[in-house]
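Produce the complete structure using the sequences and hints provided.
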Amino acid sequence: MEEDRGIRHPGQGPSGEPPLRGPMGVVRVSEGAILQALLGSLGSIDGIVPTLPDGHPKLWAIQGVGRGLSPPSVTDSVSFRRALSPSYFVTDQKVRYSRNIKTESTSFVENLFNGQLEPKSLLPFPAALSPEQAQLLQAMVDPCARFFEEVNDAAANEELGSIEEETVEGLKSMGCFGLQVPEELGGIGLTNTQYARMVEVVGMHDLGVAITLGAHQSIGFKGILLFGNKSQKEKYLPRLASGEAYAAYCLTEPSSGSDAASIQTVAELSPCGGFYTLNGSKIWISNGGTAEVFTVFAKTRIKNVTTGEETNKISAFIVERAFGGVSSGPPEQKMGIQCSNTAEVHFEDVKVPAENLLGGLGKGFQVAMHILNNGRFGMAAAMAGTMRGVLLKAVDHAADRQQFGKTISHFGAIQEKLAHMAMLLYVTEAMAYVLSANMDMKVPNYKLEAAISKIFASQSRGPHWADAAGPRPPRTGRLCCSGHQSCGAVWRDHREPAVEVRRSSDGQAVPLEARGRRCHRHLCHGRGFIQVGGRRWGGMGSRCLQNQPHLHPLPGPAALSLGQPTAQHEKLLCQAWCQQAFPRVQESLQEVKSASWEEVFTSMKLISDALVQHRSTVASHPLGF
Numbered sequence: 001m002e003e004d005r006g007i008r009h010p011g012q013g014p015s016g017e018p019p020l021r022g023p024m025g026v027v028r029v030s031e032g033a034i035l036q037a038l039l040g041s042l043g044s045i046d047g048i049v050p051t052l053p054d055g056h057p058k059l060w061a062i063q064g065v066g067r068g069l070s071p072p073s074v075t076d077s078v079s080f081r082r083a084l085s086p087s088y089f090v091t092d093q094k095v096r097y098s099r100n101i102k103t104e105s106t107s108f109v110e111n112l113f114n115g116q117l118e119p120k121s122l123l124p125f126p127a128a129l130s131p132e133q134a135q136l137l138q139a140m141v142d143p144c145a146r147f148f149e150e151v152n153d154a155a156a157n158e159e160l161g162s163i164e165e166e167t168v169e170g171l172k173s174m175g176c177f178g179l180q181v182p183e184e185l186g187g188i189g190l191t192n193t194q195y196a197r198m199v200e201v202v203g204m205h206d207l208g209v210a211i212t213l214g215a216h217q218s219i220g221f222k223g224i225l226l227f228g229n230k231s232q233k234e235k236y237l238p239r240l241a242s243g244e245a246y247a248a249y250c251l252t253e254p255s256s257g258s259d260a261a262s263i264q265t266v267a268e269l270s271p272c273g274g275f276y277t278l279n280g281s282k283i284w285i286s287n288g289g290t291a292e293v294f295t296v297f298a299k300t301r302i303k304n305v306t307t308g309e310e311t312n313k314i315s316a317f318i319v320e321r322a323f324g325g326v327s328s329g330p331p332e333q334k335m336g337i338q339c340s341n342t343a344e345v346h347f348e349d350v351k352v353p354a355e356n357l358l359g360g361l362g363k364g365f366q367v368a369m370h371i372l373n374n375g376r377f378g379m380a381a382a383m384a385g386t387m388r389g390v391l392l393k394a395v396d397h398a399a400d401r402q403q404f405g406k407t408i409s410h411f412g413a414i415q416e417k418l419a420h421m422a423m424l425l426y427v428t429e430a431m432a433y434v435l436s437a438n439m440d441m442k443v444p445n446y447k448l449e450a451a452i453s454k455i456f457a458s459q460s461r462g463p464h465w466a467d468a469a470g471p472r473p474p475r476t477g478r479l480c481c482s483g484h485q486s487c488g489a490v491w492r493d494h495r496e497p498a499v500e501v502r503r504s505s506d507g508q509a510v511p512l513e514a515r516g517r518r519c520h521r522h523l524c525h526g527r528g529f530i531q532v533g534g535r536r537w538g539g540m541g542s543r544c545l546q547n548q549p550h551l552h553p554l555p556g557p558a559a560l561s562l563g564q565p566t567a568q569h570e571k572l573l574c575q576a577w578c579q580q581a582f583p584r585v586q587e588s589l590q591e592v593k594s595a596s597w598e599e600v601f602t603s604m605k606l607i608s609d610a611l612v613q614h615r616s617t618v619a620s621h622p623l624g625f
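Just so we're aligned, residue 1 is where the sequence shown starts under the UniProt record's numbering, counting upward by one.
Honestly, the hints are just simulated from the structure, not real lab data.
Here the structure is a predicted model, which means the values were calculated and not measured.
Treat the hints with caution; some may be incorrect.
[Unchecked claim] List of simulated lysine-lysine pairs, DSSO-like, C-alpha gap at most 27 Å:
| no. | residue 1 | residue 2 |
| --- | --- | --- |
| 1 | K233 | K351 |
| 2 | K235 | K172 |
| 3 | K393 | K417 |
| 4 | K393 | K406 |
| 5 | K442 | K120 |
| 6 | K313 | K363 |
So, in structure tokens, the structure goes:
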């Protein structure tokens, strides 16, 4: 726990209780963090405010989102989680909601759309592991982590375009190809929570391997695991769990992406009823070029026994490459995860035995959606691992890199980045393990939470790349210059004009604020944009270096020189840009001048200092190890 390591948070009381609300709107404990992330993803719903007994910690866990409230007399996150249990408060106190509507779903997010607040799936923080399961998992985590540190070579995998054979054999020996397959069918039989923890380890070290394993078992043969009959499971799962054969999930087509119902692949039943003839193509299939077993979705003709009419409905099939007629295109040239094979898969007159129909005739859409919903939690877990690995490297670099006579961990901009990364990791982990625990506890409806966890985790993995387009081209260009000397001159040619603009503006005597008053009359809409930015920047003076975070929300003003042939068009561009940008600038200025923002930055500095001091993440893992 952070408190055990002598770490203090802003707003702590005499008893040392941590504030529930942390910096950047992230609540101190995982339960509140999930609430904040989910609510932040969906926006607010008017009128949905619960009324809780005074002093009950759920009041802070729910209403504290966005209010900065701290729970009384709770000294650590473990105590807080215990205090969130129903036994904490008097049983005759009832939780009342502003809308008296019967709850028909246990899904927190779905109930928000229905105008209800139902936090039972989030509060208290669900724990789905028995002591025996936790012990087994802990015994697996350390050897797996050591394997990836000592045996797997992520850089070599990327260069090779496939996973090195030594790594593949090691993964097979550890049972990593059948983590959730029952033991009697050759797997390890892990629960969703256990599986999430193992995926987190893999995601921390090599996302290419994580995608390969995930495409194989999270979706590749998941349909057989969930919907297969006894014969299908016994036939396919043992060799898939051993890694003897890879599996792939084939749904996406050139004309069908998120609209799964519009697929064009067709499966026609033979007159004898013994097999289906499959024709069609699938694109962007992970493991598409290496898989031997495919879960394929195709249109089938179904006759209405009452009316006699025939309609097209999607059905799912287990297809083997050995059936003949299955071919794959070349591996897609992706921007990363090169060792994960992604390819088109083509089916030409493939004879699929009728007994390989999966989940029932015409039930393919339900099968497809259930597989995707069931597999999405793995993305959040893998991204949590990736974020943890990146954060550890960033902390090491910040603690060692010297600039201006001290390590860069002392500079506000770096502290802000480290703290923000740590907070996103904390929330992503919480979402992953709440979701997996709910799945283990057989919560019937979790599809919206699964979708949100995937989106939140994948976007949070690289917030500074996604939100700051400016820094990326120079950094990418610098890498290109170092790795490809022949490209250096080209990059310098593109870089030099920007440098010259900066040099030519260094000696300008007219302040930006005054320049705002001298704008061309056609550009008067953008005048305030320059004036406000000039005032804020000029007010910093020599303190700019020490106040980097205050300047981050402000866009960099640029001089615009209008060319005569396109002056009117450029005037429209300038007006539209300034009209859009000015409200954002005003909002950013209000943010950085507010007292609450100063408190946020103080918190972020303490978080960053703790990360650098320990050279590791400080918050405890949701599972404790």
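With a cut-off of 27 Å on the C-alpha distance, tell me whether K393 and K417 pass. holds, 13 Å
Straight-line alpha-carbon gap K233 to K351, limit 27 Å: Measuring from Cα to Cα gives roughly 20 Å; hence the hint holds.
Proposed proximity, K406 with K393 (alpha carbon, max 27 Å): holds, 19 Å
Holds or violated: K442 to K120, with C-alpha atoms at most 27 Å apart: holds, 13 Å
Keeping to a limit of 27 Å between CA atoms, is the pair of K313 and K363 held or broken? The hint holds at about 8 Å.
Check whether the Cα positions of K235 and K172 lie no farther apart than 27 Å. Holds, at about 19 Å.
When held up to the earlier numbered hints, the structure conflicts with none and fits them all.
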